[in-house]
Amino acid sequence: MIKMYDVVVIGGGPAGLAAAVSAEKNGAKTLIIERENKIGGILKQCIHDGFGLLKFHEKLSGPEYAYRYIEMAKNIETLTSTFVTSVKKINDTFHFNLVTKDGLLKVTSKSLILSTGCRERTAKQIFIHGTRPAGVYTAGTAQYFVNIMGYLPGKKTVILGSGDIGLIMARRLTLEGAEVLGVYEAKSTPSGLQRNIAQCLDDFNIPLHLSKTVTKVLGTERVEGVIVSSLDETMKILPNTEEFIECDSLILSVGLIPENEVAESLNITLDPSTKGPYVDDFLMSVDSKGVFSCGNALHVNDLVDYVSESGEIAGKNAANYSKNFEKNSIKEKVSIKKGNNILYVVPQYVSKESKEFILYFRVNKVMKNKTVIIKDTENIIFKKKYLFLKPPEMEKIVLKINNPSQLKLEVI
Amino acid sequence: MLKKIQKKLTKKISKDIICSEENGAIKLEGEVNTWNKVYLSGKIAANSSYRGVINKLKVKNLNLPSISKPLLKDTKLQNKKVDVLIIGGGIIGCSIARELSKWKIKTLLVDKEYDLAVHTSSRNDGMIHPGIAPRPGSKKAIYNSRGNKMYTKLAKELDIEFNRTGSLILYDKWYLKFALPLLKIRAHENKVRMKFLNKKELKKREKYISAEIEGGVIFPDAGIVSPYKTTIAFGESAAINDVEFSLDTIVTNIITENNEIKYVETNRGKLYPKIVINAAGVFSDEIAEMAGDRFFTIHPRKGEIALLDKKKGHMLYSILSKPSLNFKSTTKGGGLVKTVEGNILAGPTAIEQPFKEDYTTTPEGLNAIINKHLKNIKGIRKTDIITYFSGIRASTYKEDFIIEKSQKINNLVHAAGIQSPGFASAPAIAEDISKITIDILKEKTRVVKKENWIPKRKKILTLKDMTFEERNKLIHKNPNYGEIICRCEEISKGEIIDAIHSPIPATTVDGIKKRVRAGMGRCQGGFCAPLVIKILNEELSKDILEITKKGKDSYMVVEETKRDDKNV
Numbered sequence: 001m002i003k004m005y006d007v008v009v010i011g012g013g014p015a016g017l018a019a020a021v022s023a024e025k026n027g028a029k030t031l032i033i034e035r036e037n038k039i040g041g042i043l044k045q046c047i048h049d050g051f052g053l054l055k056f057h058e059k060l061s062g063p064e065y066a067y068r069y070i071e072m073a074k075n076i077e078t079l080t081s082t083f084v085t086s087v088k089k090i091n092d093t094f095h096f097n098l099v100t101k102d103g104l105l106k107v108t109s110k111s112l113i114l115s116t117g118c119r120e121r122t123a124k125q126i127f128i129h130g131t132r133p134a135g136v137y138t139a140g141t142a143q144y145f146v147n148i149m150g151y152l153p154g155k156k157t158v159i160l161g162s163g164d165i166g167l168i169m170a171r172r173l174t175l176e177g178a179e180v181l182g183v184y185e186a187k188s189t190p191s192g193l194q195r196n197i198a199q200c201l202d203d204f205n206i207p208l209h210l211s212k213t214v215t216k217v218l219g220t221e222r223v224e225g226v227i228v229s230s231l232d233e234t235m236k237i238l239p240n241t242e243e244f245i246e247c248d249s250l251i252l253s254v255g256l257i258p259e260n261e262v263a264e265s266l267n268i269t270l271d272p273s274t275k276g277p278y279v280d281d282f283l284m285s286v287d288s289k290g291v292f293s294c295g296n297a298l299h300v301n302d303l304v305d306y307v308s309e310s311g312e313i314a315g316k317n318a319a320n321y322s323k324n325f326e327k328n329s330i331k332e333k334v335s336i337k338k339g340n341n342i343l344y345v346v347p348q349y350v351s352k353e354s355k356e357f358i359l360y361f362r363v364n365k366v367m368k369n370k371t372v373i374i375k376d377t378e379n380i381i382f383k384k385k386y387l388f389l390k391p392p393e394m395e396k397i398v399l400k401i402n403n404p405s406q407l408k409l410e411v412i
Numbered sequence: 413m414l415k416k417i418q419k420k421l422t423k424k425i426s427k428d429i430i431c432s433e434e435n436g437a438i439k440l441e442g443e444v445n446t447w448n449k450v451y452l453s454g455k456i457a458a459n460s461s462y463r464g465v466i467n468k469l470k471v472k473n474l475n476l477p478s479i480s481k482p483l484l485k486d487t488k489l490q491n492k493k494v495d496v497l498i499i500g501g502g503i504i505g506c507s508i509a510r511e512l513s514k515w516k517i518k519t520l521l522v523d524k525e526y527d528l529a530v531h532t533s534s535r536n537d538g539m540i541h542p543g544i545a546p547r548p549g550s551k552k553a554i555y556n557s558r559g560n561k562m563y564t565k566l567a568k569e570l571d572i573e574f575n576r577t578g579s580l581i582l583y584d585k586w587y588l589k590f591a592l593p594l595l596k597i598r599a600h601e602n603k604v605r606m607k608f609l610n611k612k613e614l615k616k617r618e619k620y621i622s623a624e625i626e627g628g629v630i631f632p633d634a635g636i637v638s639p640y641k642t643t644i645a646f647g648e649s650a651a652i653n654d655v656e657f658s659l660d661t662i663v664t665n666i667i668t669e670n671n672e673i674k675y676v677e678t679n680r681g682k683l684y685p686k687i688v689i690n691a692a693g694v695f696s697d698e699i700a701e702m703a704g705d706r707f708f709t710i711h712p713r714k715g716e717i718a719l720l721d722k723k724k725g726h727m728l729y730s731i732l733s734k735p736s737l738n739f740k741s742t743t744k745g746g747g748l749v750k751t752v753e754g755n756i757l758a759g760p761t762a763i764e765q766p767f768k769e770d771y772t773t774t775p776e777g778l779n780a781i782i783n784k785h786l787k788n789i790k791g792i793r794k795t796d797i798i799t800y801f802s803g804i805r806a807s808t809y810k811e812d813f814i815i816e817k818s819q820k821i822n823n824l825v826h827a828a829g830i831q832s833p834g835f836a837s838a839p840a841i842a843e844d845i846s847k848i849t850i851d852i853l854k855e856k857t858r859v860v861k862k863e864n865w866i867p868k869r870k871k872i873l874t875l876k877d878m879t880f881e882e883r884n885k886l887i888h889k890n891p892n893y894g895e896i897i898c899r900c901e902e903i904s905k906g907e908i909i910d911a912i913h914s915p916i917p918a919t920t921v922d923g924i925k926k927r928v929r930a931g932m933g934r935c936q937g938g939f940c941a942p943l944v945i946k947i948l949n950e951e952l953s954k955d956i957l958e959i960t961k962k963g964k965d966s967y968m969v970v971e972e973t974k975r976d977d978k979n980v
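Listed in order, the protein sequences are those of chains A and B. If you read the first sequence in the working numbering, its first letter stands for residue 1, the second for the next number, and so on. If you read the second sequence in the working numbering, its first letter stands for residue 413, the second for the next number, and so on.
Treat the hints loosely; a few may be bogus.
Said to hold, decoys possible - Derived list of chain A stretches under chain B, where covered just means 3 residues or more per stretch with a C-beta under 8 angstroms from a C-beta of chain B:
{"id": "1", "stretch": "61 to 67"}
{"id": "2", "stretch": "92 to 103"}
As the list claims (entries may be wrong) - Cut-off 25 angstroms, straight-line C-alpha distance, at most; resulting in silico cross-link-like pairs (DMTMM-like, lysine to aspartate or glutamate):
{"id": "3", "chain 1": "B", "residue 1": "596", "chain 2": "B", "residue 2": "434"}
{"id": "4", "chain 1": "B", "residue 1": "787", "chain 2": "A", "residue 2": "271"}
{"id": "5", "chain 1": "B", "residue 1": "790", "chain 2": "A", "residue 2": "287"}
No wet-lab data here; the hints were simulated from the structure. In this text, all values refer to a predicted model and were calculated from it rather than measured experimentally. Backbone N, C-alpha and C define an ideal beta-carbon position, used for all residues, glycine too.
Only chain A is shown next, with the shape it has when bound in the complex (with noise of 0.2 angstroms):
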């Protein structure tokens, strides 16, 4: 017998959790597959405290941020270990196959919630050269050495990437002993978060150059060292400019790249900007209807609040979507126009019915004292004063439309 769902959620981090939560609250028959052996995504390993502010009110650390979720969620259908192999859409219906301990396994839903994260951007696709020694690790991997397994990754550090795991995983090694040389930034601002650069870099005395990078490793069996070079404005690597540096570990924090082979195999383009699928407000995918996107691998978020709150959204319209399989037809929709340096947006596509949405933004360069307009055609429909905008940091808008025409979202 294959068992039918109404909604089934690939991926059991935050973003799958809220969404299974909140798509069973709305009626929907779900079931959550995660290939780990256990719930809760990355947050198991991020051990720091920092999480919740904006959803519990309070400091939590990751595992206790996933715990909520996965209490909240310990009534619905979960499969752990469970490894997706292919999805078909045949009539609008998913069939998955499964890999699992007690076998293969197939099963069908009528909506397809896709919460598979993201993975971090290696050393090869940032072009670094040199040798291949041991030692060089992107932050993620350092994170699970150091607080799942309880080892040091190496003990003389360079972390090459400001983003936020590379300045939490510089305090975690310094608090484990471990030496950390200096953290490396090719941009000429911080790709983490502020909080992070003061209570990570700052409290610990650890240094962090801006407009550096890293563009060989040394060493052969272990690595021996790195070059450093200092780059221009245009990212481009000024000559006469490398410094070696002595040290037995180079760890990454160099991006994270949505994971969307699942969406791909359904035919659904990504967008070059987010690296997610194209969606409308209901987080719903415009290339094929039925499958929604949440969390971080719908865009990379700042915050797992926000990545929660996705997977709320994305959760309850699969329910509801589920609910009127029968009647779901193409509603129409208007597109999101991104404006003057506006990175990207999220949703790229709001339904003409709908009435108030969230909507995501990021923007491309550091910016002081600017306003943040939303046009509908020629008419201002949403204006804001921002102190500062950063591209590090995601916005969030909750937008009152009535039956838009043309939206477009601008900084001026």
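Go by the hints and put chain B onto chain A.
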């Protein structure tokens, strides 16, 4: 002859070079100021009737790092007597080992690394060349065409993936078509099948080929294997048939007496072989020198290679290359290859360099690959690259294989100077080296063939390629096959455990990667490396701190974190 070359070197390179004759070869000594001069001198000397070049030229102020050696020192092999000692666990050594395993003799293969196929044999494109490139009559030409044919049967026996996809030489200017008759003559001389393809026919075979391509030639007999999996398969087949393997074993000296090798010194004891086979790749000239039979020089030629995300794999079917018209280009060769695992591979470049183990990659090399090859397929980009690496060809100045019984040392056989098309040639080289070896051995002792030789070797199961029923059955038998460890390549814990317990066991993170691909996908081991370490730790009963990436002291983690119990 000697005087003529001396004059030429004085005129073209430097007056500080001294030429002499030694062991039938021409020897160069002295000091020059660049590596390029060393290389060019060797090339000039090679253009002579001497059988090889002993290039001992040094570069002023250049201190080369010494060969990487195992850290291990023990007496495991002390006073061991074997019939045949093979030095080198690359494709050549391993295919010879398998060939010799057909005989009732004691064969030992040693390699200085932690695994087989660590150097050149894991650092190439895995192409089974059709045999068009070598100069007609050269050893390369002969062994390539013989070896190529052998792969059909070998792939079945060794249970390796082998795709005879054919290879294409493309041209993008209409006038280049006038060079084609020359190609036809070469094909005829080397007995290689070929066929002309027009734009339309090309497009039919390779849907995503760039619009600039005007036409091409196909060599249908070209194919692709996984170079490291194939090397390991040969090794395992030999191991199943009682060839002994000793890894982490470096030959440090060879002691001869009356033109005969008496014993061989290693870091693991003194060995007494009846015959020694030199299959030491880039170090084969140094092994020859230890045995007092130096007559050639390996000049390391590096090739950088880039590997693209599997997502783009469907955009290529076979092997493409577009010869460059710029003869000064260092990337004359190379192309795009569809690996047996479905990735597109681009490269290699060709750069002469002094150090035999310099596997660094460079922005220049990678950019050369990108600019030259990626544009031949519409829709592949720099951002599709998931990793890149380099390998070093074991080229001699004569640029041909050395496959012969030593002319000086009675019990030494050389299988040296094997560069491209070495992979295609390996099985044929192994046949001949084995024959030479057995003939020498027969003079010393009675040698008979094994009656119970096992031709078949089974590969590690690849569950993702199985049918639903097969895969389900296996998981029910062993739940480890149902636990996915490498998410990018869909590799289960069971497959990784199989690799650890295979005939030549994987004992390192890279060893696992080469056998079952865990860590070879787009995340490059970011997610699975810690899990692989844990499996190695459990299966080998080895402390996590002792688990290495690639042997020696390439430890994955360095220390335990602070623990409460330590502070009590």
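Consistency of the hints with the structure:
| no. | hint | verdict |
| --- | --- | --- |
| 1 | 61 to 67 | violated (count 0) |
| 2 | 92 to 103 | holds (count 6) |
| 3 | B:596 - B:434 | 40 angstroms, violated |
| 4 | B:787 - A:271 | 24 angstroms, holds |
| 5 | B:790 - A:287 | 24 angstroms, holds |
Violation of the numbered hints given earlier is confined to hints 1, 3; the remaining hints are satisfied by the structure.
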